[in-house]
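Protein chains in written order, with our numbering: chain A, 1398 to 1845; chain B, 1398 to 1845.
Treat the hints as calculated values from the structure; they're not laboratory data.
Fair warning: there could be bad hints in the mix.
It does not matter which identical chain is used: a pair holds within one copy or between any two.
As the list claims (entries may be wrong) - Here are the simulated DSS-like cross-link-like pairs (lysine-lysine), alpha carbons at most 30 Å apart as the crow flies: (1) Lys-1422 x Lys-1766; (2) Lys-1590 x Lys-1779; (3) Lys-1785 x Lys-1710; (4) Lys-1556 x Lys-1766; (5) Lys-1710 x Lys-1590; (6) Lys-1598 x Lys-1779; (7) Lys-1710 x Lys-1766; (8) Lys-1590 x Lys-1816; (9) Lys-1587 x Lys-1766; (10) Lys-1779 x Lys-1710; (11) Lys-1785 x Lys-1598; (12) Lys-1422 x Lys-1710; (13) Lys-1778 x Lys-1587.
2 protein chains.
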Amino acid sequence: MALIEPRTLKGFRDFLPAAMIPREKLMEVARSVYRRYGFVPIDTPALELLEVLTGKGSEETDRQMYHFIDAGGRAVGMRFDLTVPLARFAAQHIHELGTPFKRYQIGSVWRGETPQAGRFREFVQCDFDTIGSTGVVSDIETALVIHELMHSVGVHRFKIRINNRQVLSGLLEQLDLQASSTAVLRALDKIEKVGADQVTKELNVAGLSAAQIDQVLTLAAIQGSTDEVLAKLDTVLQGSEIGQQGVERLRTICSAMTAAGVQEEFYQVDVSIARGLDYYTGVVFETVLGDLPGIGSVCSGGRYDNLAGLYTKQHLPGIGASLGLDRLLAALEQLGLIPKSISSADVFIPLFDANRINDYFQLASIVRKAGWSAEVYPEAKKLGAQLKYADQRGFRIALIAGSQEFDAGEVQIKNLATKVSTTVTWRETPEAFVASLSNMMRLPDLMA
Amino acid sequence: MALIEPRTLKGFRDFLPAAMIPREKLMEVARSVYRRYGFVPIDTPALELLEVLTGKGSEETDRQMYHFIDAGGRAVGMRFDLTVPLARFAAQHIHELGTPFKRYQIGSVWRGETPQAGRFREFVQCDFDTIGSTGVVSDIETALVIHELMHSVGVHRFKIRINNRQVLSGLLEQLDLQASSTAVLRALDKIEKVGADQVTKELNVAGLSAAQIDQVLTLAAIQGSTDEVLAKLDTVLQGSEIGQQGVERLRTICSAMTAAGVQEEFYQVDVSIARGLDYYTGVVFETVLGDLPGIGSVCSGGRYDNLAGLYTKQHLPGIGASLGLDRLLAALEQLGLIPKSISSADVFIPLFDANRINDYFQLASIVRKAGWSAEVYPEAKKLGAQLKYADQRGFRIALIAGSQEFDAGEVQIKNLATKVSTTVTWRETPEAFVASLSNMMRLPDLMA
């Protein structure tokens, strides 16, 4: 029989252990941070009725969606984000769940877009949202979660850029530019990338006067400490009630972040942040890494007025953000923050003598009961080959014993990085053995 | 605009927090046990080329598979298990990974089968495998992982049924019944369900003589302690080399389990276990719950000779098992082993005074830094409504303060189960506050 070529679909990828271990770790960190703030997990199906998914999608997402007719003749699609399923979920279950409802969801989504560098057709989203509250408390909490996410994954140079769409609305109101809001917001959104000259040209084409363009650019250029930026915004927006409200809300958020112990170096009011044009209505967030600003935002989100208007008449305001798992992982790798180890285990036990299997497993069970992970090599190969395997997988400690050591109730503990080793008794004195093992684990790792 | 009805596809389901919290917990437990034995995670795509998936599937799985033509004209399918993707993955990457390769994978799979009670079209599989070793060490380790999985999820009455396909082959050899092996194995597999009379009838139809049927039933009826069962098997199979090898391997496994501290009440050599007819070639496992034997096996697997023969000429023997996540969750719920709490958080902080937001967040940050999770209610509603929310979500502690308490630097700590409360200072003496909070958490929970 001819062999089938083993390959993945274009735009899809396997995760080998070296990639999957940090990926899994990052998801665990995200879950633990979300939980620390009272968010609870939900899950929704990978497949939904097509009518449910296309309801909210733009033409772009509709075109990219994987969809087909199932065996029962139903038009179905694979979810392309977690926001549309959340809206459907909330419309369906919010009566049972009650509000405020704080959920997180981590799951794969699929988009048939043309694969390019760093873009795949299957990727994981990692979202958290608070539904059913318009209060500033949820805005603050969202910012605090983002701040804690970054520190928890080991990134300590980053900035959360915070804006409020109300501030932008206030500006548009003052300049009588509501009709050109799309052009103005788009221009603001890319001013950092393309520069003021290009934005001036575009706003000119959009019909703004020189004076109006000047005011937009003035707003976008506001810089300084949080207090300074907020004071300048107060001045610029003093004629607009919605603008003033927007500034006041930003002030409350920044003040509470300080009260919660967040250093000002980690956030910044930045009026150039718009985050999409239709969806968000209040505060918006982006998070850029100090050492890799070029990769864009690794955690973004904002406040919306009405999550599920396509599915229910119930008004569901909320706020949420999404951790860009793949982008953050790529960044962590580039910054050297991902350890190279591709083993889950601490202790490696080479198999010398296939007649002493019971001794190896008795030894391993003591190690595991003490809280470490342990692996017994499955074949009685030469020690060199076994230790090479242990090296490649990043084990820290080897427990080496053959029939002679077992007869004496002894074992050699070897730190695989420092090469230091010591022989101890274990069978008669398991507590003392565990203490020695613990000491050997603490030896400085010369490779680190 | 007409509303879109918010609903899931037939055979699919949402996981609300009350279902998702224990589900997520169970996956975490499984991961931590797998890691303790040196297994590492991998992931593979949800979508594969159809030719890759159909290569190994039976007609049944082919028929049930979700498959379609993608926008690029490729025939693709959604994975219906994690074993076929593992085979494809191993064929593709084993040169890079080396052997032995010990992986776990937890992921959704999809089958368009007719939904019935407890069966869904989307479910999670939770597999672990050791590839590239034929040694008994991997057999033992697989049994130990299953044993530890059960205890770790809180089940302490269960039995791992162990058999070896070599024992069955030995019996067939002795009875000169190799040609009827399918009928005999199938009969053995269901003897517990349908009884000896029915099995006798079926073996009669399959052409076995009365003497042959008698020997099959004798083998299936062998009972007693592990030593007794193994001794009886020795006697029955003394004329068959493969049968003797099979018994010897079972003896080595059981002996090592004892050495590793596993009590005999948790496992049993059971020659009626066959586990599928084509795939397994060596030791096979099933795990039944002492309190719910009727739900069938919650963790099953076995040894196979050649994992990836469809995709590579490289011979890849291995052994693995799969934790039946959904079945086990249903069992845990039935046994009352799933706590009712639907919150991830420990400490609830009601919002009394919207002017003191900074105080609430300062308080919450102390709680979170001490290692607990905390949630500030997002709206300044009446205390009764806020505490009702806290009750419904199973919070353990409330920290109650308004402007008066904040001015005095105090807060009331209330155990929500016992209703006991105490007022303490917090702002000036955060360490003492954390100690008081810790004491209040330890108060016996009257609801438990």
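Quick rundown of the hints versus the structure:
{"no.": "1", "hint": "Lys-1422 x Lys-1766", "in the structure": "both (23 Å within a copy, 21 Å between copies)"}
{"no.": "2", "hint": "Lys-1590 x Lys-1779", "in the structure": "neither (59 Å within a copy, 48 Å between copies)"}
{"no.": "3", "hint": "Lys-1785 x Lys-1710", "in the structure": "between (64 Å within a copy, 26 Å between copies)"}
{"no.": "4", "hint": "Lys-1556 x Lys-1766", "in the structure": "between (43 Å within a copy, 21 Å between copies)"}
{"no.": "5", "hint": "Lys-1710 x Lys-1590", "in the structure": "neither (40 Å within a copy, 52 Å between copies)"}
{"no.": "6", "hint": "Lys-1598 x Lys-1779", "in the structure": "neither (72 Å within a copy, 54 Å between copies)"}
{"no.": "7", "hint": "Lys-1710 x Lys-1766", "in the structure": "neither (55 Å within a copy, 40 Å between copies)"}
{"no.": "8", "hint": "Lys-1590 x Lys-1816", "in the structure": "neither (51 Å within a copy, 57 Å between copies)"}
{"no.": "9", "hint": "Lys-1587 x Lys-1766", "in the structure": "neither (56 Å within a copy, 38 Å between copies)"}
{"no.": "10", "hint": "Lys-1779 x Lys-1710", "in the structure": "between (71 Å within a copy, 26 Å between copies)"}
{"no.": "11", "hint": "Lys-1785 x Lys-1598", "in the structure": "neither (63 Å within a copy, 57 Å between copies)"}
{"no.": "12", "hint": "Lys-1422 x Lys-1710", "in the structure": "neither (40 Å within a copy, 35 Å between copies)"}
{"no.": "13", "hint": "Lys-1778 x Lys-1587", "in the structure": "neither (61 Å within a copy, 41 Å between copies)"}
The earlier numbered hints that this structure contradicts are 2, 5, 6, 7, 8, 9, 11, 12 and 13.
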